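So you can see what is in the structure, the chains are spelled out below.
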Amino acid sequence: MRTDRLHLPVLRWGEPYTSLDVDPVVHFLTGEPIASVSRANGGLIARDMRQAQRARDVLRRIPMDELVARAARAGELYMNATLPMGDLTETPDEFVRAQSASTGLPERMCRANMKKNAFVLAEMRGILTALTRGLAFDVLSRGHGEERGVPVSFQVQSPVVGLVLPSNSPGVHTLWLPIISLQIGLVLKPGPQEPWTPYRMAEAFFQAGIPRAAISVYPGEGDVGAAVLENCGRNLIFGGTATVDRYRGSPKVQAHGPGFSKILLGDDQVDRWEQFLDVMVDSVFSNSGRSCINCSGIWASRHTREIAAALARRLAAVRPLPPDHPDASLAAFTVPGAADAISQAIDADLQAPGATDVTAQYRDGPRIVRQGRADYLLPTVVHCASPDAAIAKKEYMFPFVTVVECPEATMVDAIGPTLVCTAMTCQPELRQRLLDAVQIDRLNLGPVPTTQLNWFQPHEGNLIDFLFRARAFQSAEL
Amino acid sequence: MPASPTGQSDRALGVSVRTAREALDAWVREVVDWHFNPASACPFWLDYAKRAGWDPRSEIASFADLKRFGRFEDDWLRGGPVQRWIPKGLAGKPAFVFETGGTTGIPKTRVALEDFRIDYELFSATLADEYFPRGSNWLMLGPSGPRRLRLSVEHLAQYRGGICFCVDLDPRWVIKLIKKGWTEHLQAYKDHVIDQAVTILQAGHDVRCLFATPKLLEALAIRLESMGTTIRKAGITGIFSGGTEFTPQWNRFAHEELLDGAYMTPTYGNTLMGLAASAPSGPHNNYKITYYAPQPRAVIEVVDFDDPDKLVDYGQTGRVRLTTLTKEFFMPGFVERDEGEREPPCDLYPWDGISGVRPYRGVAATTTVGVY
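If you read the sequences in order, they're chains A and B. Quick note: the first sequence uses this note's numbering, first residue 1, plus one each step. Quick note: the second sequence uses this note's numbering, first residue 1001, plus one each step.
Quick caveat, the hints were computed from the structure, so don't treat them as lab data. Don't take each hint at face value.
Said to hold, decoys possible - For each label pair, taking beta carbons as the anchor points, the in silico distance ranges come out as: (1) A/Gly416 / B/Ala1203: 47 to 57 Å; (2) B/Thr1104 / A/Gly372: 34 to 44 Å; (3) A/Asp324 / B/Lys1310: 41 to 51 Å; (4) B/Glu1257 / A/Leu88: 21 to 31 Å.
Stated by the list, open to error - A few chain A residues that don't get close to chain B, going by computed Cβ distances all over 10 Å: (5) Glu15; (6) Pro24; (7) Ala81; (8) Gly233; (9) Val281; (10) Thr356; (11) Asp357; (12) Arg370; (13) Gln439; (14) Val448.
Note that the structure is predicted; figures quoted are calculated from it, not measured. Ideal placement from N, C-alpha and C gives every residue a C-beta, glycine not left out.
Bound-form chain B, shown alone (with noise of 0.2 Å):
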């Protein structure tokens, strides 16, 4: 294993590392036991050991055996009942449905009861009070509707004693205009969610910390520059923001010309994993972005593009692969469509990392990447 690029040693790394990883083990167990018990599994996983013919219960003993499952099908999360994806040991409490997708055809579901309340309360405790200070509020300047991440950022202001203001945003028609080349609507739609952030910036609301996709951020900080007024003279002291067109050079030009002194951290996540934060970056490592996710509810691998049980070396470009291991959802083995350099550990994130992530280059063609 290479050395840690915060300056641990290699041995105090190398214990971090294998603790990690026995509690991930661990982990893998509980959350296997409870996915396919009949007293708290739910239907869709029973019903796959049934037709599987073997018993994960009593075959599955560490993440490395979860590649038993192959791979995790996309399509199995679309369409009904979603009520198939609910765990018997959690039925009863109130169930909330998020989609991904769905610019055309049936979306993925993934059905949530309090995970995004614990990823985001777990991603908190990664935040500066120095930049995102206690009892704040927020701007959620991203997608509503439908999607998890609305409701994820109020609860994160709420959890840190804050309350979220959020704009309307319908990221299915923004792609819907793009692929139409209604490029002036698209014009006037991005402008009719900007003038809603600046109408709530103005409003005397206090609003200190943010999230924002980079192509809001961007156009935010341009529409307040020809204000006369910046992010930060607006009262924004912290951003999160994601999305793969969060590149090290995005990142650069974002803290060089547009956020005026704004603390910024990137995330990468999506409705189906959660919330991966990102290690430190700027000027000192050339803004590089590492990405490390929430283990052990939930793991990115960086695996080969022919072959997905097959970890890609250090440093080496693969495919992400997400697996999600919490007791509300089980999904081993999700091959993503993004692409990405697989990073060492770090004494932050005693696990594999992922940087430079972008679209998978055998779907980047076709993909069209709205807000995100």
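Here chain A stands alone, though its shape is the one from the complex (with noise of 0.2 Å):
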């Protein structure tokens, strides 16, 4: 594929629309350019999802099974089949290929997310029956129906759902692939470093037998998703912590944000700790530590120095390599300045008493390594003498992480927000309250690492819930 002279249309429910605004799509190291995206502008959105329930009723007239076998079909074509992208054609490997080279993401991690994306559609039908805890999908298609002899009733609570995507995990892309199976429309905003994963699911999906009518995709800025947002009844927005705490509450926009997952050893198993190790390098070091799952805290009452010197001396050889290098473990920051602006953030934080890079005892120069125009960060650990630190409780997009000393008596209380929580104890107590902590999201008891999701189980609250009402129904015969 010759992607310098790709260009990406706006998709209108499906129709391409060349825009007379472009964004250029570079690749990070060399700044040529890979691609040229439309840019949707607000207004046309707005107009666009007056057509919203169109895209429901398109999908209406296909019954679930039938869309979930498609969902399948999807994720085959996705992997092995050379689609359309844009006015061009791409095979799976210039796929990998075009999405390392804009988001700097080395290539066998690119293929890796693949395979995620591709499993969620293949297993669609398994994920649906535990996401809806065994309801029968006529159900939700037809809106109310009998379950172990109690009449229920679902409401959709809008025909299409909104996605404004981040650029920097492709793995994302996984909590809303099943959407379509649910009968509801797509709206995508995609990263303005990776519109390639919604445009080649989309046109999986179309290959596959979707309406085109049930999907937009909408490349753009700021105002795009926020025109996005205020069109959509139901939303899925990804972004830092300020984006998480402008919509949280809000209805019709469930917030993707930092993780700050963690692991938290107990007294009863602290002693241990070096049992532990390759839970804790793989939580913090997998997908070059970009995802919300990656491990960002270690907590526990003693050894966290022992702890901490331990994970650096595992860490210290990661160097870049070039993304197509097999090995390669390492993701490159594409936006300029992001990394020294990490870098220097990190670097005030340490000023604070009980704060120590441990890591940079174990390597030879600075956190930050220079190739060409991309900068990459190297795995970074941070010892916290105790929780009162500032960066005991931040997390970066690269391999971060803080161990922090804290009692166990009052470690539950002070973790703060965590999505995954991985948790080695056996007391029956410290579980009872692990597992009543709200502040806790996913919780893992027992060696498994915070990035091994079971995609069977909800992600940060169940989408049936988030898109579905439940409500009372009755009829009587007239």
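Both chains are sitting in their own frames, so use the hints and assemble them into the complex.
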């Protein structure tokens, strides 16, 4: 594929629309153009959303069972087929290269994320069965039915779901893939550096028999994201803490931000911490630490300096490698100045008493490495003598972790919001406190890496609960 | 100089450009003489000349000489007393004060007597009667309060023989809502403004002409569409709009999907400069919008980002520098918060223009665009 002349149009209910405003997508190392992308404008979305109900109507003409089968077919196409990409076509390998080139994610991680997305599509029946707790599909489709002898009714809250997507990790797309099978349309606003997955996935759905009128793709800037949120009845947005705080409590927006995922070592297990080192390294380092499910905090009441040193030693050898290198494990920062800003923020926090950059003593040079137009941040392990250090609750988009010394008695209250918590403890009382802790979303008891997801379980809220309202329904013969 | 985009011969256009430049230089001499003559000048410029240690009246002979003044600082316009800006030669006439900015802190102010009326009367000459019929009524769907725009549009309507209907709209509150992230309140406020507009349009006032900001025009068109009607069917035949959101793509979108055949002309301006009209745009030029200042009363230059005294080449990108030259207000070399591409003169406007106007990249990230 000649990517230097590739153009990705806006897709307005599946129909290409070439905007007069275009944004370049460039290679993160060379700055060479990879593609140009049409930029939508807010009014265009507001106007198109007047047809949102049509997206649901065309999907409802296809039984959910059939949509699930077509999703599986879309997954195969996404993984293996040459598919249209804008005005050209794209093989799976070309897709991986393009995604790596614009996001800075090594190609092997792009492939790993492809597999995640394809897995969710292939296992759609089981995932929907799990999320609906076994509800018959036709109940959602028809809106009412009977389960275990009780009348039930589920009302969809929006004919389409708006998605303001990120550029950092293509694995997050797994969250929205079930939506089409629920007979709900998609309104996608791609991340500026990662237009590839929304377009390829949309084409895979189209080729698998999903009506074009069910999917829109609106690339653009902040005004486009705002227009999506304004005009769709239900939305998923991905962003930083500020984004999450901004939409907290909004019934129409589910905001996904930093995970602040953690590993906790109970007093009954902490003395054998070395046996959990692999789980800790995997949790911190996989996917180059870019995901909300990567561990950014390891908490224990003792041995924290040894744990931090052991982690630092394991991660000290990591260096940037070319994105197509089979062993590449570190993703680049492609936004100019981002790596510098993060590194400076870390250094500022390290001025506080009790916070120490343990990795500094195990690596030769500075934390930041510059290669071409890209910057890399080397894995960083910080020891915190207490949870009071500001850095103890920080998360960054690279392999970064704090090892925090904290008494077990206060640990659960002190950790704060935690998307994934892996806890090493056999103490029944601590286990129960963890089960009851509302600040923890996903809970793993035992040596499960925070990055190991079970796709048959809800993530940051059950998608079904977000999109459907359980309500009363009665009918009588007329 | 490049060939004229509208077909006039290079030679003829060259003559027009020289003539316009001579007129500008002559006007500069007259305006500088006025603003630095103790008999007619305002306290601000008299004080400036005293401190500067040079006499603008003897040293400024052309527009190019104005660079001697250096950069006009926008802080000079903040705070009182605003009377320091009123020329002695105009003392005693009813004065207005218009504000710009001011969501937080002290806004910039410009004292005006007749300028806003003169600017809009000149602009009126660029409006085709076919689309903006004489004697027809107007709707002003833009900011109210201490804004020059509200009175200016009302005067434009009156000058053309009509009456202007207005809405209540506080743009500072809109920007606060955006900054606070109160999106539901923002939507409710927008709905409130559009409700007022729709009420006026449905009340039998025979409104044919409209001023609207791009966002409000968009919201009005979509509301009318949801009601089964359109801007055109609601009676509007001519619209003038403006702002940095007025991109070629938005221009095209409006023409193809919002206006239903109503005519729209883009404008660029602000309280400090006045109003720059645009050369015709449409499918023939990919909806490109090029603005030309109302010379000699105001001049737009596109200058180097690092050296505001250096013009960029035609077609190149630079920052907007404004100069206002009226008997009421002298503002040499104000570096605006916008950037764009320098455009060559054309038949209609034989002086430099600017296209692609957008927020200056150096401040764009911190600028909140509300209704403008």
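Handout entry: In rising order, the numbers of the hints this structure does not comply with
Key = Nothing - there is no hint that the structure violates, so all of them hold.
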